[in-house]
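Use these hints to put chain B onto chain A, whose structure you have.
Number of protein chains: 2
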Amino acid sequence: MNQVYLDNAATTKDKPETVINKMSNFMKKINCSPGRGGYQCAIEAGKMVMDARFTIADFFKAEQVENIIFTKNITESLNFLIKGLLKKGDHVITTNLEHNAVLRPLKQLEDKDIIKVSYLKADQKGLFDPYLVSESINDSTKLILINHASNVTGTILPIEEIGQIASKHNVFFAIDTAQTAGIIDIDFKKLNLDFLGFTGHKSLLGPQGIGGMIISDRLANQMDSLITGGTGSLSESVNQPDFLPDKFESGTINTPGIVGLKAGIDYIQKTGIDTIFKHEKNLLDVFLAGLKSIKSIKVHGTLDSSKKVPTVGLSVEDYDIGELGYRLFNEYKIMVRSGLHCAPLAHKAIGTFPEGTLRFSIGWKNTKKEIEYTLNVLSKL
Amino acid sequence: MNQVYLDNAATTKDKPETVINKMSNFMKKINCSPGRGGYQCAIEAGKMVMDARFTIADFFKAEQVENIIFTKNITESLNFLIKGLLKKGDHVITTNLEHNAVLRPLKQLEDKDIIKVSYLKADQKGLFDPYLVSESINDSTKLILINHASNVTGTILPIEEIGQIASKHNVFFAIDTAQTAGIIDIDFKKLNLDFLGFTGHKSLLGPQGIGGMIISDRLANQMDSLITGGTGSLSESVNQPDFLPDKFESGTINTPGIVGLKAGIDYIQKTGIDTIFKHEKNLLDVFLAGLKSIKSIKVHGTLDSSKKVPTVGLSVEDYDIGELGYRLFNEYKIMVRSGLHCAPLAHKAIGTFPEGTLRFSIGWKNTKKEIEYTLNVLSKL
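So the protein lines, in turn, are chains A and B.
In this text, residue positions in the first sequence follow our numbering: the first is 1, and each later residue adds one.
In this text, residue positions in the second sequence follow our numbering: the first is 1, and each later residue adds one.
Mixed in with the good hints, there may be bad ones.
When chains are identical, the list treats them as one kind, so a pair holds in a single copy or across two.
Claimed, not checked - Calculated cross-link-like contacts (lysine-lysine; reagent style DSS-like; alpha-carbon spacing at most 25 Å):
| no. | residue 1 | residue 2 |
| --- | --- | --- |
| 1 | Lys29 | Lys368 |
| 2 | Lys365 | Lys22 |
| 3 | Lys142 | Lys112 |
| 4 | Lys28 | Lys368 |
| 5 | Lys112 | Lys292 |
| 6 | Lys13 | Lys142 |
| 7 | Lys365 | Lys28 |
| 8 | Lys83 | Lys142 |
| 9 | Lys112 | Lys88 |
| 10 | Lys107 | Lys87 |
| 11 | Lys87 | Lys112 |
| 12 | Lys116 | Lys87 |
| 13 | Lys29 | Lys369 |
| 14 | Lys292 | Lys333 |
| 15 | Lys83 | Lys107 |
Source of the hints: derived by calculation from the structure; they are not laboratory data.
The shape of chain A in the complex, shown without the other chains (with noise of 0.2 Å):
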């Protein structure tokens, strides 16, 4: 076995070629700023990333091409989302399976004395109860922020569920898709959702650099943009436009990240996302079975591969996670993350704070092959 690579729910490492010859090819041939110029190359530009948008729409299920706001990565769309929508007195419910992408901008939020926020408690195996949320809401709240999926647990929440109970309470329903976006399909108008924050660079196969948002119109008109500028747009006038996508797109955008991205959800949509999940399904229950039969093993989190993306954290008996981690790179080339992945509560959830877990995570690139080694390796040590 040459490498194997199990960490992508922090990046996927493999792109599909075009993704790679997209993005060379834009700036050999192509390379100037879209919609800031009247030429051919400008307006080719502009039209590559009019076609992105098309394509993020179409995939994602939301009605209208503008919604779709370009950021630098996700956890930048949700600090759009948290500093532009909330206000003095607001009501935010999310949970403790959250990315410090959520709670970092929360507690900033929260030590301003700006808002309240409900942290909503995942079980010892990281499943969630929709219930808790209709019992959270008071009238200050304005919104539910929750991952699609945890990345530590790699737990599926009821997001359906949730979606429902925001639209019968009138409250703004937002969701992180890092650990979603790609592997499993999303449907922004079915899910009722007023704001899904995607990355690139992770299962949707583009390249680090570029993420994005999707927003409602209702929720578009209440949040300020949290950064303004030039959006070669109303350029006689020092305030931000107030349509979209421009009054969240300010300065110059990664036209070649997005032509990247637009490459990866092209490659997704021709092998069918369908076809990725049921892969990526498969190697999760070879891996979970191989784990069950290493008893120095827990797995932490659900063992219900039908409530999991392929995400799997593990702790080992008399083992320290970091030294175990540096072993199986070391002395077995595979490359896995040890730790707290950046999502403190979720540890605390799952009573692996602080010393964290060994997360192996499969991607669309993953061979039965490979988890096989995987499992080899770890009976072994």
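Okay, now just chain B, sitting in the frame of chain A:
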């Protein structure tokens, strides 16, 4: 003549080959998440990001690599500064030559009654007396923020003098180098700068999607982070780390963009920034001399090429600017920009609001032949 690209103030179109190749190579061969794993490719990615910080620190003579912060573009950098630093009651000094990347975030805070802003006035030639700054400082003045050169007239502002004034009054001093970085040598330390915002995709010859800022320690200490989230550090805490660069770099960064930017700066350092400056200045002199002999053309801003970057804004008697730009491309394949270039107050200063100017901006890849061809076409029209 094939095509003449004269919109380098928007973005530089032809990048050094190494920029594109190194980005592709990174994505093909490494492509892990920097600082987010203990295995080889993650460490290599981290090393490449660190190398880029060293290159940038060296290029701008910044003392410490941690003070180099990557953002998606200079607009983001300027928003970090403005919205992270300024608190209720603060006063800011800026000029009417600024880009909307400065004007719009300032206006946002003014409209919320948080800050007061003095917009110092350039004269009709676009020149600016630093004495105006001294006069405007009061007890609430927290920040002086100016562009190094105007993107409308190309005029270089007297930043040495203004830096001394800022230093004397103990006010933070910040510059926007969007139009100068990569053409003019900038010494962070010598200029008494607290903030230097840069964009990667203009004269630094990197790709779109990457920019940054250099910040002094004393400024960093007083700045909140506009965007917070996972940093790969202090994962056990829901508080943003307070050390650099992590405080201001949340979420996965644009590693391919950073690799490309480093390659762009390496190219500049190998070529010599003085060589680049001389080449562009020579072309500017040829262009300005040629324009003088075309009677119906009025060049806005100073005609003194020693006070300018190679950006020229002009009007033509009895001609609509937009139509002229259109004809230049459609009939002669000359790419320029018409309009206000996201800097409305600058056009008010030089008397070209709201119709704007036709902007010709020269770059490293332009040739004397191209400038002569352009002059020829202009005299024909």
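Now the hints, each set against the structure:
For a Cα distance limit of 25 Å, the shortest separation of lysine 29 from lysine 368 across copies, 23 Å, qualifies, whereas the shortest one inside one copy, 40 Å, does not. Within a single copy, lysine 365 and lysine 22 get their C-alpha atoms as close as 20 Å, and across copies as close as 23 Å, so both meet the 25 Å cut-off. In this assembly of identical chains, lysine 142 and lysine 112 lie within 25 Å of each other by CA distance both inside one copy and across copies; the values are 18 Å within and 21 Å between. In the homo-oligomer, the alpha carbons of lysine 28 and lysine 368 lie at most 25 Å apart only across protomers (23 Å), although the nearest pairing inside one protomer, at 38 Å, exceeds that limit.
For a Cα distance limit of 25 Å, the shortest separation of lysine 112 from lysine 292 qualifies neither inside one copy, at 46 Å, nor across copies, at 58 Å. Within a single copy, lysine 13 and lysine 142 get their C-alpha atoms no closer than 37 Å, and across copies no closer than 45 Å, so neither meets the 25 Å cut-off. For the identical chains of this complex, lysine 365 and lysine 28 are inter-copy neighbours only, at 14 Å across copies versus 28 Å inside a copy, given an alpha-carbon limit of 25 Å. In this assembly of identical chains, lysine 83 and lysine 142 lie within 25 Å of each other by CA distance both inside one copy and across copies; the values are 13 Å within and 23 Å between.
For the identical chains of this complex, lysine 112 and lysine 88 are neighbours both inside a copy (10 Å) and across copies (14 Å), given an alpha-carbon limit of 25 Å. Taking CA atoms no more than 25 Å apart as the test, lysine 107 paired with lysine 87 passes in both settings, with 14 Å inside one copy and 19 Å between copies. Taking identical chains as interchangeable, the C-alpha atoms of lysine 87 and lysine 112 lie at most 25 Å apart whether they share a chain (11 Å) or sit on different chains (13 Å). For the homomeric pair lysine 116 and lysine 87, the shortest alpha-carbon distances inside one copy (10 Å) and between copies (22 Å) are both at most 25 Å.
For the homomeric pair lysine 29 and lysine 369, the shortest alpha-carbon distance between copies (22 Å) is at most 25 Å, but the shortest distance inside one copy (40 Å) is not. Proximity of lysine 292 and lysine 333 under a CA criterion of 25 Å is satisfied intra-copy only: 23 Å inside one chain copy versus 67 Å between copies. Taking CA atoms no more than 25 Å apart as the test, lysine 83 paired with lysine 107 passes in both settings, with 11 Å inside one copy and 18 Å between copies.
The earlier numbered hints that this structure contradicts are 5, 6.
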